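Residue numbers (this note's numbering), protein chains in the order written: chain A, 1 to 386; chain B, 387 to 551.
Hints in this document: simulated from the structure, not taken from any laboratory. Only a predicted model underlies this, so the values are computations on that prediction, with no experimental measurement involved. Treat the hints with care, as some may be off.
Result set (SDA-like, lysine to any residue): computed pairs, CA atoms no more than 20 Å apart in a straight line [to be verified]: (1) B/Lys531 - A/Ala285; (2) A/Lys286 - B/Gln401; (3) A/Lys286 - B/His397; (4) A/Lys287 - B/Asp533; (5) A/Lys286 - B/Gln413; (6) B/Lys545 - A/Lys287; (7) A/Lys340 - B/Leu547.
Going by beta-carbon spacing under 7 Å, a handful of chain A positions derived as facing chain B [claimed, not checked]: (8) Ile290; (9) Leu291; (10) Ala345.
Even glycine gets a Cβ: it sits at the ideal position worked out from N, Cα and C.
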Amino acid sequence: MKQYLSPLVRSLKPSGIRKYFDLAATMEDVISLGVGEPDFATPWVMREAAIFSLEQGQTMYTSNAGLIELRRELSKYMAKHQGLTYSPDNELLITVGASEAVDLVMRALLVPGDGILIPDPSYVAYAGSATISGAEIHYVPLRAEHDFRLQVDDLKLAYTPNCKILVLSYPNNPTGAIMTKEELLPIARFASEHDLIVISDEIYSDLTYEGTHTPFATLPYMRNRTLHVSGFSKAYAMTGWRIGYVAGHRDLIQAMTRIHQYTIMCAPIMAQVAALEGLKSGESAKKEMILEYDRRRRIMVNGFREMGLTCFEPLGAFYVFPDISATGLSSDAFTEQLLKEEKLAVVPGIAFGPAGEGHIRCSYAYSTQQLLEALSRMERFVKKRL
Amino acid sequence: MLSEEDRRLLHILSQDCRFTPEELAIQTGLSPDYITKRINQWEKDKIIVKYGLLINYEKLEEDRVTALIDVKVLSQRGQGYDKIAQRFQRFSQIKSVYLMSGDYDLCLVVEGKNMHEIAQFVSDKLSPLELIDTTSTRFILRRYKQDGIEFYGEEERPKRLMITS
Ligand SMILES: Cc1ncc(COP(=O)(O)O)c(C=O)c1O
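Bound-form chain A, shown alone (with noise of 0.2 Å):
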């Protein structure tokens, strides 16, 4: 039946995780330093708010942009912890998740054959989405000299006249890299100059542990030119109620609400409800959780670079993202070695991208318990190849 499938979704490239996912289903007492995502539940002020609203009957569609409340509380908290301004009435959407809001910019902006810039190694849905617009994907490489920062040089060499969007992603999965405002600003000169739109996820935003985090649309001239895109499954710890949002010009935000309401009509109202809570009276609970995820993040960094691997710190997101090329062995194939050998499951740098090789990447969202567990087994493992 392949014949039927669109060209585009057929030139869609089958994940690169896929494979070591069925293998560890199929062993037993396997170690995971695989998942994006947190371990901790959602705090129960925001599970309970969301019960409450089903108790009371609260099952209904919202409007598209989503619900007006959450909306209002989503821009004040914008604009105080964030310095961004943005209006509840229309240059705000709430999607379902940060992945809906990727996708949605890039169906409202592309047309095939139009040039989008991603960086490599990056978070997978971007070229997808890219992808199944048609558009021109020109990968733009980070590299460990840099730790992993986008610089301008690369995006010169990487750029054609046909590129139309830019991709950011500061705190980055798979490096945990970010940006800081001085970094940044050139890129942000370099958008201006060739009138590019920029897609800044900033989803890990919050999970930022030295320095204030900078969002991209606060930088000279750049609000109108980014469409900002975040969300709750990261610093909330919601993932599985899917919500985010984006945020920009009206203009952008209006023709995005207009794709999704005729796609998706509107976000979940129980996730938004917990979220609304989680702007209101979260805040304790979300620090609490960035305080131990960089408790584990110096444990892993540590743990890589006493077993001799080199490790660049990671400064945001849950993920580290050490060197693995001193074993000789490429990435995929340390990753089935590891796995088959020690059961200890990660991810190879290359599902991220052609400039992921010679990396793996270790999420560290579990507990200090299997946290050390999982650097003792990776210990074994690389020693025996240094």
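Here the structure of chain A is known, so what remains is to put chain B with the ligand in place on it, guided by the hints.
Same frame as chain A, but now just chain B with the ligand:
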């Protein structure tokens, strides 16, 4: 004011006080020397008062009951509550003494082998004290949560997927 680093250090210690200074150094990014000095100072200043253990005695099926005893004190000219509170705190049976807002003045946490022993303590030792007006004793029947730790329920979290992007 506590610095951000010190707050982090205390937070980790309050979760688990068994970490060595070296282990704490890894988890905080501070040096082991600094941590040792800081902890020594906190101990000296009685900021760190004690390193505790939280035991779920119910699982051991030990005989042990805890009561909360609310106490109303007869007011005495020129004297606050300090004197009577200090009197209470000498009793080894009394584990905690709090000054409270509301209908009663002080709240005592008292431990004993059984209800009888505590009732005896109240009638023999507390009630006769001339400064006491009335008391109200309530026994704890079950501990569901203490010091932020849940004793029952939600022990195993549902499984996450093994690998996700
Ligand atoms: C960088 C990045 N953006 C977006 C997402 C998806 O988030 P959501 O659950 O809000 O769709 C993820 C999830 O792993 C991510 O890592």
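The hints, checked one at a time:
1. Proposed proximity of B/Lys531 and A/Ala285 is supported: the alpha carbons are some 17 Å apart, at most 20 Å.
2. A C-alpha spacing of about 17 Å is found between A/Lys286 and B/Gln401, which places the hinted pair at or below 20 Å, so the restraint holds.
3. Distance restraint check for A/Lys286 and B/His397: the Cα-Cα separation of roughly 15 Å lies within the 20 Å cut-off, and the hinted pair is therefore satisfied.
4. Pair hint A/Lys287 plus B/Asp533 holds up; C-alpha atoms about 19 Å apart against a cutoff of 20 Å.
5. Using a Cα cut-off of 20 Å, the hinted pair A/Lys286 and B/Gln413 holds, with the two alpha carbons roughly 19 Å apart.
6. A distance of roughly 24 Å separates the Cα atoms of B/Lys545 and A/Lys287; the hinted pair therefore is violated under the 20 Å criterion.
7. Our distance criterion of 20 Å between C-alpha atoms is met by A/Lys340 and B/Leu547, whose separation comes to about 18 Å.
8. Proximity of A/Ile290 to chain B is violated relative to the hint, the smallest CB-CB distance being about 11 Å (cut-off 7 Å).
9. A least Cβ separation of about 6 Å between A/Leu291 and chain B falls short of the 7 Å threshold, and the interface hint therefore holds.
10. The beta carbon of A/Ala345 is positioned within 7 Å of a beta carbon in chain B (closest approach about 6 Å), and the interface hint is therefore held.
Checked against the numbered hints given earlier, the structure breaks hints 6 and 8 and satisfies all the rest.
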